[in-house]
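Using the sequences and the accompanying hints, generate a full structural model.
Protein chains in written order, with this note's numbering: chain A, 11 to 270; chain B, 907 to 1178.
Hints are computed from structural coordinates only; laboratory data are not their basis. Positions of the beta carbon are idealized from the N, C-alpha and C atoms, including for glycine. Mixed in with the good hints, there may be bad ones.
If the Cβ cut is set under 8 Å, some of the chain B residues that face chain A in the computed set are [what the hints assert, rightly or not]: (1) G961; (2) Q963; (3) M993; (4) F997; (5) N999; (6) A1001; (7) T1004; (8) P1015; (9) L1016; (10) E1018; (11) H1019.
Beyond 12 Å from chain B on every Cβ pair, some chain A residues (computed) [stated by the list, open to error]: (12) L13; (13) V67; (14) L132; (15) S140; (16) I163; (17) V185; (18) L187; (19) I209; (20) H251; (21) F261.
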Amino acid sequence: MLLAPIQELGRKGLDFFQRLGRGHLLFGHILAGLPALLPRFGLVIQQVFSVGVLSLVIIVVSGLFVGMVLGLQGYNTLVDFGAEESLGVVVALSLVRELGPVVTALLFAGRAGSALTAEIGLMKATEQLSAMEMMAVDPIRRVLAPRFLAGFISMPLLAAIFSAVGVLGGYFVGVGLLGVDQGAYWSQMQAKVDVYNDILNGVTKSFVFGVVVTWIALFEGYDAIPTAEGVSRATTRTVVHSSLAVLGLDFILTALMFGA
Amino acid sequence: MSPPPTPLVEVRQLLFTRGSRKIFDGIDIDIQRGKITAIMGPSGTGKTTLLRLIGGQLRPDCGAVSVEGQRVDSLGRAPLYALRKRMGMLFQNGALLTGMNVFDNVAFPLREHTQLSEPLIRDLVLMKLHAVGLRGAWQLQPSELSGGMARRVALARAIALDPMIMMYDEPFTGQDPISMGVLVRLIRQLNDALGLTSIIVSHDIAETSSIADYIYLLSNGKVVAHGTAQELGHSGSAWAQQFLKGLPDGPVPFHYPAEEYRRDLLTSVVDR
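As structure tokens, then:
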């Protein structure tokens, strides 16, 4: 009776580490399959379309609204100090350093990550992956690796688009509606946003998030129990785990990049 | 007199467990070249598992599985994939790739494994589709196909690389009589015309018996009986007779094991 909770804890611990091990083996297997994609880059381009291009609408709309909210909130705070002309810097730095990579990664996990998990999980449930294996085609190299590379390529591009549209949203509210000086908005942004410290660090973050979210999504699909319920659970896990991973990693990366 | 040809597939003392359940408990099976061999048995006896063991997708706990003299159970990845290029498998639901139309599905193994030009691939695909009677359906998506058509497309895909062996996983399940008749005829014709060796896993007795040259009956991890359809009809095994005649009661009881009926009814819920 007393042992039951301890046994349960032990079982869950073993399950967790087994999954972690399987996840890393899959990651290694995917990485090993990447060089073979170079002569068949068309496979990756197809996936960039379904993973990246089809996520554009949600990214652009969200970027616009986030930028507009930043413009409004930033103005209300800055105007108290008579510093509303720095609005461009506030909007741009918030987006490029943090909100661009993080919110894009969260939206990407919800839009593209869940779709990847469901697709791979259903391919497993309908024996498409087994059929490939029996046709002497490695499904990890043929199906998972192109999707992984597509996620890795798409995420920084989507984050860049998110930030660019956000800056325009901030401009629309700050300059267009609240009367901030147009020249100050752009010139201060140009002067204060550093290519290496700000933009490159933001891009690095989105590369890392791209790897992590796509990896989690592919692993959850590939490891899903091949039933309707199993795939639905895996899809939920993808969104939850990748969102938590993005937020946790963001803190670590921010501390490493800007902490000292 | 020349010695009899060696079997294409040899299964020896195969032991395979899943959790604590023994799926196969030391079975021996020979699949003769050029013949259609059926593996039959009730649901859950591991018939599909046997195909996966022959295809090297699963590894046995003990025993040997050889295909054309190569030990599948201990082959490395590269030779296993090379062997699989010469094996075709028809999955129960066809397992067509849903992101591609019929043509691209059949062309898939050709594009993956050969350097043939697109015009040649086109001709080959149309020939394979013609063999299964679906040349006119090349533009359709898998979602537009009936179950029987999907299996025929999958069959065309499985023979695209001209395999030496074809494995059919429950090919007749859930088919209407016409589709069933088409599949039965196709399996026999393809086997004889292409010089294949075929393994059919099924529990559809009439259809399978009509085309199988040799039949193995599996139950509880053992080979219960084997022989031609005629020989099995005269088998002394009570289990084989129950299975082949579809009798509701016999060695496999109608009732799931339970307490004595009268006592069960007279015991109140509180006493349980």
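Hints versus structure:
1. For the restraint placing G961(B) at the interface with chain A, the shortest Cβ-Cβ distance is roughly 5 Å, inside the 8 Å limit, so the hint holds.
2. For Q963(B), the interface hint holds, the least distance from its beta-carbon to any beta-carbon of chain A being 6 Å, beneath 8 Å.
3. The interface hint given for M993(B) is met, as the beta carbon of that residue sits about 7 Å from the closest beta carbon of chain A, less than 8 Å.
4. Below 8 Å, beta-carbon pairs count as interface contacts, and F997(B) has one with chain A at about 5 Å; its hint therefore holds.
5. Contact between N999(B) and chain A, as hinted, is supported at the beta carbon level, the nearest pair being about 6 Å apart and thus within 8 Å.
6. Below 8 Å, beta-carbon pairs count as interface contacts, and A1001(B) has one with chain A at about 4 Å; its hint therefore holds.
7. Given the 8 Å rule on beta carbons, the hint for T1004(B) holds: about 7 Å separates it from the nearest Cβ of chain A.
8. For P1015(B), the interface hint holds, since its Cβ comes within 8 Å of a Cβ in chain A; the closest pair sits about 5 Å apart.
9. Among the interface hints, the one on L1016(B) is violated; its C-beta lies about 10 Å from the nearest C-beta in chain A, farther than the 8 Å criterion.
10. Hint status for E1018(B) relative to chain A: holds, with the closest Cβ pair at about 5 Å, below 8 Å.
11. The interface hint given for H1019(B) holds, since its Cβ lies 7 Å from the closest Cβ of chain A, which is under the 8 Å cut-off.
12. Every beta carbon of chain B lies more than 12 Å from that of L13(A), the smallest distance being close to 21 Å; the non-interface claim holds.
13. Taking the minimum C-beta to C-beta distance to chain B, about 22 Å, the non-interface status of V67(A) holds against the 12 Å cut.
14. Residue placement check: L132(A) does not keep its beta carbon more than 12 Å from all beta carbons of chain B (closest about 8 Å).
15. Against the 12 Å criterion, S140(A) falls within the reach of chain B, whose nearest CB is about 7 Å from its own CB.
16. With a cut of 12 Å on Cβ distances, I163(A) stays outside the contact zone with chain B, its closest approach being about 20 Å.
17. Non-interface call for V185(A) relative to chain B: holds, since the shortest CB-CB distance, roughly 46 Å, exceeds 12 Å.
18. Distance check on L187(A): its Cβ is at least 46 Å (rounded) from any Cβ of chain B, clearing the 12 Å threshold; non-interface status holds.
19. The Cβ of I209(A) sits about 36 Å from the closest Cβ of chain B, beyond the 12 Å cut-off, so the non-interface label holds.
20. With a least CB separation of 26 Å from chain B, H251(A) remains clear of the 12 Å interface cut-off, as annotated.
21. Every beta carbon of chain B lies more than 12 Å from that of F261(A), the smallest distance being close to 38 Å; the non-interface claim holds.
Going through the hint list in order, the structure does not satisfy hints 9, 14, 15.
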